[in-house]
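Chains as they are written, first to last, in this note's numbering: chain G, 1 to 347; chain R, 348 to 694; chain C, 695 to 1041; chain U, 1042 to 1388.
Hints listed in this document are in silico derivations from the structure and should not be mistaken for laboratory results.
It cannot be assumed that every hint is accurate.
Said to hold, decoys possible - With a straight-line cut-off of 30 Å between C-alpha atoms, the simulated DSS-like cross-links for lysine-lysine are: (1) C:K811 x C:K933; (2) U:K1280 x G:K71; (3) R:K485 x R:K464; (4) C:K933 x R:K648; (5) C:K933 x G:K239; (6) R:K464 x U:K1280; (7) C:K995 x C:K832.
Note that the coordinates shown come from a computational prediction; the quantities given were computed from them, not determined experimentally.
4 protein chains.
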Amino acid sequence: MLSSSCDILSWFSKRDLAVRIGVFCSGGDAPGMNACVRSVVRSATAAGHEVVGINRGYQGLIDQNFFLNAKQQPIMGARDVSNIIQRGGTILRSARCQRFMTDEGVRTAAENLRQHKIDALVPIGGNGTFRGSAELVKHWDGQVVGCPGTIDNDLIGTDFTIGFSTAVETAVDAIDKLRDTAESHERLFLVEVMGRHSGYLALYTALAAGAEIACVPETPTEIPGIVAHLSQLQQTGKKSIIVVVAEGDEEGGALMLAEKLQRAECTFATRTVILGHVQRGGSPSPDDRMLATRLGDFAVKSIGAGATGVMAGEVNSQCVLTPFEKTFTEHKQLPQALIDLLECMSN
Amino acid sequence: MLSSSCDILSWFSKRDLAVRIGVFCSGGDAPGMNACVRSVVRSATAAGHEVVGINRGYQGLIDQNFFLNAKQQPIMGARDVSNIIQRGGTILRSARCQRFMTDEGVRTAAENLRQHKIDALVPIGGNGTFRGSAELVKHWDGQVVGCPGTIDNDLIGTDFTIGFSTAVETAVDAIDKLRDTAESHERLFLVEVMGRHSGYLALYTALAAGAEIACVPETPTEIPGIVAHLSQLQQTGKKSIIVVVAEGDEEGGALMLAEKLQRAECTFATRTVILGHVQRGGSPSPDDRMLATRLGDFAVKSIGAGATGVMAGEVNSQCVLTPFEKTFTEHKQLPQALIDLLECMSN
Amino acid sequence: MLSSSCDILSWFSKRDLAVRIGVFCSGGDAPGMNACVRSVVRSATAAGHEVVGINRGYQGLIDQNFFLNAKQQPIMGARDVSNIIQRGGTILRSARCQRFMTDEGVRTAAENLRQHKIDALVPIGGNGTFRGSAELVKHWDGQVVGCPGTIDNDLIGTDFTIGFSTAVETAVDAIDKLRDTAESHERLFLVEVMGRHSGYLALYTALAAGAEIACVPETPTEIPGIVAHLSQLQQTGKKSIIVVVAEGDEEGGALMLAEKLQRAECTFATRTVILGHVQRGGSPSPDDRMLATRLGDFAVKSIGAGATGVMAGEVNSQCVLTPFEKTFTEHKQLPQALIDLLECMSN
Amino acid sequence: MLSSSCDILSWFSKRDLAVRIGVFCSGGDAPGMNACVRSVVRSATAAGHEVVGINRGYQGLIDQNFFLNAKQQPIMGARDVSNIIQRGGTILRSARCQRFMTDEGVRTAAENLRQHKIDALVPIGGNGTFRGSAELVKHWDGQVVGCPGTIDNDLIGTDFTIGFSTAVETAVDAIDKLRDTAESHERLFLVEVMGRHSGYLALYTALAAGAEIACVPETPTEIPGIVAHLSQLQQTGKKSIIVVVAEGDEEGGALMLAEKLQRAECTFATRTVILGHVQRGGSPSPDDRMLATRLGDFAVKSIGAGATGVMAGEVNSQCVLTPFEKTFTEHKQLPQALIDLLECMSN
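Using the sequences and the hints, build the whole thing.
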């Protein structure tokens, strides 16, 4: 991780040239991607750059599939991103692209970028996206500065990723509803959230929803210990239990855990809910909109300052840049303080 | 069966006596049950009656498990139901009760009602609840006037049941989110909603969410026809598809349908979401609060007028009473006009 | 005036001709207008008609300001209304038009309709809109079938108008939030809602929000009576009070009422909130989407059946047509049953 | 500001004694106060302490008005705070207390604390609350560690205050709705948000809502410049404008600004909305719940470590303590980076 925004921008000799910037979304979509696209366009336009929107991620780069404005030109202006900050999904659509994983695919994309005179790229996505970008910069001499768009918050180099805050909100909102019925019927609910190999989404959801337990891949999930703890809570008068399960937990997802709990003679009546893709959608939370706005702007400013091969992120309220390689080679740790906090609240 | 509230109340000779009314929630919980309890208490109190809250449905009746107010008395006053109209679940908790399905259970409940000098009951629940009530009135000479509380809207004698509107809202809200990601990735989502043997929840959700197809138990679900229709939509430029599946559909739930679609060579990339118990919770919608308020009040007024063995409902904006038997022996039809409407919108 | 949709459609000899239908939104915007536009387009397309979208209401009719599709043609196809059912506002924009209130304005509009070979119109709006339509049919021989789009629910000929349900939801949601702070601080909140000359929005909001009092233009607002009632509630332990005030109340809006309550020595600490234009926006509720979908479809089918000079509405779950004149000459009554119900709950 | 939580706790010699901790809410209520109370109770209980809930802030301290559990004892146990993390307002109620501003009031409070053998206090509130606490510690030898509960985010010593995130969310949600109607009618909306002397709430709301302008007390609000900027935006095709106004702006609130804009011949049709107390209520956002949970726990642990006369806060994800005096004598600066960001987006 490099340093604060001001520092970074002074590291580079200001190029101060108007450039042509391509922007696209790639991988699983995340709430706030539109806010980020808007920010890239507005920030670039304000600095005299031109923006080209690329539809459907790397696939669109290969297919030369560009966003067309009302005049059918392949340019995104300030008005083309009006009134999208609050919308889920992405107006540029997203995709996972097999062909870009081949050498031929990357070369075709690079060739297309040269042909359309694109000087710099802002990919918005997760670690798969940045792995692709790391390849691209080997075959293309333009600049690439990415923005972290994924609900998983599994990227080194930024405290939070764009979409994480909204996904937590969606999961917490669902659990608030489940708590109503859990209380009414005195039940245990196992709620599976997304997050792939990371327990971030599960841990934050559990803390904010007031769940009793979070099962995450970063810590051992011990069934007998859980059953004993639940039994103890029941004796103190606890009527309902929420257990948040990360889809990547080493003991399996919610369905498998339900089975294991039953086999271990858990005394609560148990129900299972898998939140699924609902977590990817919805109007982005204010936090996601702000983060997306800030990082999109910072990515453009970093391009202006000459940066490349890096992801824009926010750490301790400061904008920073991190080499792509770090984002897909290192695992982001769960804060121990929050793991302890959840345990402390569960009595 | 049907008549306006005014008519009904004049059928009976006004008893005008202060009575002691028990209220409880039974079966699956539904948003608006609290609003209904509040209404029963407030309406009864205003008329000079006394209300006893019974916890956990028929089980609580058997166990003599009563709601205690701040002074630890088994009485619910107007202040005890302050600030609950907006809460999901039910402060009286709900339960399904095996023992009440036996003769012994019913007799014990009846004995307890006599012992606690309860003159009338307002059970809030679905057809299982009213089947129980129909048994109870055979062994007890108090009055029973029920209120329809279930998210399934599967009860004859009322246009809508308490909880249905909120469940539709929750499902539609989830699909709005899924549509974001479906559009971004150009996918088909199969979304399974509750409803047991009824397709009401699925049909309303599909219409309000702008879904392309609803698979409901009331109409044949023909896989080849669906695949052909989807293929046609794809040719007109349709990028994403939402199919709402009633859990009771004769072709199976969403997972089974996903398999069948794939086997029938549906060309859309398909994902499945099962909304599950989230649909039972949440702050009740304004409609559910109003319906609950109206029916709770009407149940109390009907008791005052001497009614028994009936469920309070709202048909064409009028309050009506329907014998319990009808609620669990007849199947409520889906409106053909709405089935046609969905088809007409799907182009 | 009233009859079921089937009946109406058989009144007319089916014309079965493909026609060209113009659709526009006029007057104050209301959530669900987009859902209605979508329904008109989809229903018309399915029947072989062609649809022209007119921007900015009557103003756009005068200015020949048409919606252009992606190919820059003045035609709205099924794909042009994809993914708008859930959006607030209206993609056709709305406006109030002074010039259409003159003879010259109406004649210009009629001339433009003839020039663009538009056979029929579906205006979506309130009583001002239909007053305009009533004028238009005098100067133009095309058909006009309107849809009721206004948050005020002040139109004869339909149980509810498109937008009312969402406006109630927004107001109730705001009051749920105010109740939190009212309870915490033991205060009285005067909450002013919209509705122009009608108390519908205020009455429904009050009932669903569990407010203690609604001040509406249809019933006398007696300050001393209110103060006495509040004092009585305070003595029973009531900690917070919500009074919903219709903007059209004969005693004035919330600010004026606050002053009058203070002068009458109301003992609660009082705060005032004017909800304002927030009530006009937001994603439409499922009810508004369904109503809009149903009425848009019915308007198109009524045009197919030869109807003109009428507004489509829903009464007792049946689609009906009502002459424009009725919609702006008669005042829709508040249901006395609901006025009584609110009073009964306020103890 | 002192340092990170780990450091702080090692500064003090662990007392490791079970103590009796009082907790209360004071000043304007804020969403998340309940989550904070829950956290204090759960964390204290887990550490073997006992908690006394004090109703209505300093007033309750003077009146000896304590929270009573189901057994009518003045003790808050783990079960007494079940299911409140998601609730707005505060179950302990809040109040502003005139008498505590007198010497006599403070002495009475101190006397009551001694009498009830309370060893430590956790006040939850804003700078007025901590001003009171600073007085109290002069007359009482117990420990006081506060938590920052205010929607204004105007406290030194914490990146964010409990309630701020939810207030932003409420304001952004309202503006999303206003944007619908602003777009439909091509209008300018002036939206006044709370924040007292601080522009934090206005600036964050403006950024997240995609507003064009924020008028805040920390920067000069120049009417002619605003009018010129708006005129320029209109020429680029901008159809609707949102201006967020901090209630404490030096040019006045939204109503006064509307007047000044009109006098300066702003060409947009202008409407005004004052969000008001709605911003204080509502279910707390996940962020507020987490912050409240973390700080409540940290306050208890800090008491265990011997701290007093300080407010718990979170800075750069670390828990820190700040002397009360700083919280009410220094003004928290708005981040210039965010002021610049808003300007950059407004094109």
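Structure-based check of all given hints:
no.	hint	in the structure
1	C:K811 x C:K933	violated (64 Å)
2	U:K1280 x G:K71	holds (18 Å)
3	R:K485 x R:K464	holds (18 Å)
4	C:K933 x R:K648	holds (28 Å)
5	C:K933 x G:K239	holds (29 Å)
6	R:K464 x U:K1280	violated (68 Å)
7	C:K995 x C:K832	holds (22 Å)
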